[in-house]
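J.: Protein chains in written order, with our numbering: chain A, 3 to 461; chain B, 3 to 461.
Think of the hints as simulated: they come from the structure by calculation, not from any bench.
Mixed in with the good hints there might be a few duds.
A pair counts as met if it fits within one copy or between any two copies, since identical chains are not told apart.
What the hints assert, rightly or not - Derived lysine to aspartate or glutamate pairs resembling DMTMM-like cross-links, with alpha carbons at most 20 angstroms apart:
1) K247 <-> E237
2) K458 <-> E320
3) K40 <-> E410
Note that the coordinates shown come from a computational prediction; the quantities given were computed from them, not determined experimentally.
What follows is the residue order along each chain.
Number of protein chains: 2
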Amino acid sequence: MSQHRLVNPLVRNIRALKRGALVRQAVRIEEEIKQGMKKPYNEVIDVSRDNPHATGMKPMSFSRQVIASCIYPELIDSDKMPLDVRERAKTLLECIGGSVGCYSDTIGIPIMRDSVSDFLTRRDEGVPSASGNIFITHGSDHGFGLLLTMLVRGDRSPLVGVLTPVPSQDFGNALVASGATAVPYYLDGQQGWRLHTEELQRALRSAREVCDPIALYVINPGDPTGHVQSRESMEEIIRFVYEEKLLLFANEDHQDILIGEGCMFISYKKVLAEMGSPFSDAVELASIHSASKGFMGEGGLHGGYLELVNFDPSVQIEFDRLISLLGLPIIGQLALEVMLNPLQPGEPSYEQYQEKWDWAEQLYGSWLTMALNLCVCRFGRLRITHVLVIFQEEEKLPDFFYCSRLLEQTGLCVCPGSDLGLPEGTYHIRLCIMTSVDTMEEVLRRLGKFHKQFMKDFS
Amino acid sequence: MSQHRLVNPLVRNIRALKRGALVRQAVRIEEEIKQGMKKPYNEVIDVSRDNPHATGMKPMSFSRQVIASCIYPELIDSDKMPLDVRERAKTLLECIGGSVGCYSDTIGIPIMRDSVSDFLTRRDEGVPSASGNIFITHGSDHGFGLLLTMLVRGDRSPLVGVLTPVPSQDFGNALVASGATAVPYYLDGQQGWRLHTEELQRALRSAREVCDPIALYVINPGDPTGHVQSRESMEEIIRFVYEEKLLLFANEDHQDILIGEGCMFISYKKVLAEMGSPFSDAVELASIHSASKGFMGEGGLHGGYLELVNFDPSVQIEFDRLISLLGLPIIGQLALEVMLNPLQPGEPSYEQYQEKWDWAEQLYGSWLTMALNLCVCRFGRLRITHVLVIFQEEEKLPDFFYCSRLLEQTGLCVCPGSDLGLPEGTYHIRLCIMTSVDTMEEVLRRLGKFHKQFMKDFS
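With the rest of the complex left out, here is chain A:
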């Protein structure tokens, strides 16, 4: 009996990422190293995605201690954990029904929505946030995916479109699976991956020929670009979606890690509120954040939220119903809770732990900056623009070829730009700098050596 005919065509349209082949190649190489095969390197370093804990970033002790104590409550009743940790764990444990093994309510553990809205009100300096507009998720991808599932019409005619930035991770696949289509708009690589409203207008015009564009998706701070939008740029975006009657999906997952002088994060919600009428009452904004990125980097734990602003209450009821179909992992919510409510100066035992907390903060701040500086400086020395010239001359060579050869010869795994939606002929690689300074040193050493040889071989 042939069941192949049964497969949903939407699933067939999900694009296999080239990074997948590189990861398989990396697994094979690691296996060979384990079996004693001689290589010019001892281990594979994978900086092809933002997976900071895998490349040396240390998790936040306080959060890990709290979560471990919730998992194994004997730690609360002993002297094996600091007092703050035990108190926080005890409160959380009561809140989740006494065990991390309890099913979470479909709206999240009881305090979760309030925690998020309190955090948002603090962050946005008083712009109000109602807990009823908060939806707890598995993380950013999950929130975005659910929203799309809800907004895509069943009949699929005309096709629903979402304006989506290029470069961006796993470009379009979430859209494809939900039955929508990604309409690419291109960030300006010559200007630090800035977003131009003219490009949005161009993308929207072309979209209207093939689909019904309903939303604009922005990622700020940019992933993987690191670009941070100015308030003026955000106001332009808001006017654009207002005039074009588009929903605004803002991925603000990286709000805690900004690199570069003078960079400051402002949320879309704050800018929208401060623009006043007619924008602040009309623009439907969905904003996502999670514990997977930022100073937590807890990608393996799955905790995030989505806030809806100016959405019709009846739509939110439908959304609640959809979100209730898949339960929420407890541990990710605990991580999110600690992220939203870190130990603060003035709390009874803050003095005792200030050192650790400061240390963690400084560490994350400093290595990020250092890593970036290193990166810029080394790339400068390599005159990386030459690679582009070579690639353009040898058009048969794709970015994947470069990445695969780099991995085989040096054990360094980076991501080909085409996986991020970048068009043919632009030849980019992406490497994630969220790693330790030591690792970054080694990454750049391997890349530098390989690249010089590559230029010799192909020039």
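Fit chain B to the supplied structure of chain A, relying on the hints for placement.
T.: The following block gives chain B in isolation, referenced to the frame of chain A:
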């Protein structure tokens, strides 16, 4: 701007469960108790779903110690955890990239597929299991939902149908969201919720008038019924799906907890293999299991798997692609790993921990049985059949009315049978016995007292 028109009609069709209203009522009651309002009870007891840790079941120490140590690796390097725990945690931590914060590979952490297939080969006494046929999931609902998403055609005409047992939890909603439709088949409440092939044939005939039925969904051991199928019954089912060219979805989530004399779990995969040709080569079987149920009861952690048997390899490639869109929580996988590989006699330090392990096993075994015995005995004394008579006379009274009144007057939350798909006029309540003996005693005390009064008031 009205966005309501945008909502996916599939989402609108998701049925709100009445249990939701009861949970909100319970939250309100708990709030009132907290504010000092006098009630004839001190706390709400919620046995409306299988959430054993919430009602007193103790988690398995070994598994919790291992997970806590992976979360906070300082525990591995100290003497705060037993040696076995530290060794197991160390191995797992290496396997997941050094931190539970690392993103999991989309096929699960590296050892996971092999762990599952080794477990299945042992469990099924040699019937082979290939790791390539294993897919790691968030839990049973997730595996089932993804499979449906993959198998539902984009055009939705004719509607794809799945034969689904009644009673069963969250009946049909997962199907609705994926664009399929649930075709109910009724289990025989008069015979311990047995499954009759004649009823399947009736359901299939009626289904073919309105949709294209592609699969039969069975839950064995039954949830919420507890019924365990005999080998003969399973063989009948296999012949039925073979003849009718249906896929077989087997939810085998409760394989570790069987209550009743002479009950024995055999997997559908084993029965299928032992039936031989033509069945064993042709019937496409999807079987799911998770750490949410059974002796772990870790519903909050989200770890499960799905095994495909006799599926077309090209379908499995598509499935891999779909599953890769949503990452997997690490902690759930750790729980699953420990569940599949508990400490065994013969392992170097088994003697040291045998006591704990035996204790845990005995506890789970004994209180389940005791709880059931209590339950049967108490219901006997209440002559519960009288309730049905009352309900039938007072047809305006739905099961929800009984549940809501029970909750208000006694603080006991149970689930109305209509939430499980049971038809109007049959009036069932469901209470989950996966709780401690003490809690079950209290549950039955409250139910008994209420029920007597209820009979007086409404007879």
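J.: Taking the hints in turn, state whether each one holds.
T.: Each hint, compared with the structure:
1. Taking the shortest Cα distances, K247 and E237 sit within 20 angstroms of each other inside one copy (15 angstroms), while across copies they are farther apart (58 angstroms).
2. For the identical chains of this complex, K458 and E320 are neighbours neither inside a copy (60 angstroms) nor across copies (41 angstroms), given an alpha-carbon limit of 20 angstroms.
3. Proximity of K40 to E410 under the C-alpha cut-off of 20 angstroms is restricted to the intra-copy arrangement: shortest distance 12 angstroms within a copy versus 72 angstroms between copies.
Of the numbered hints listed earlier, the single one contradicted by the structure is hint 2.
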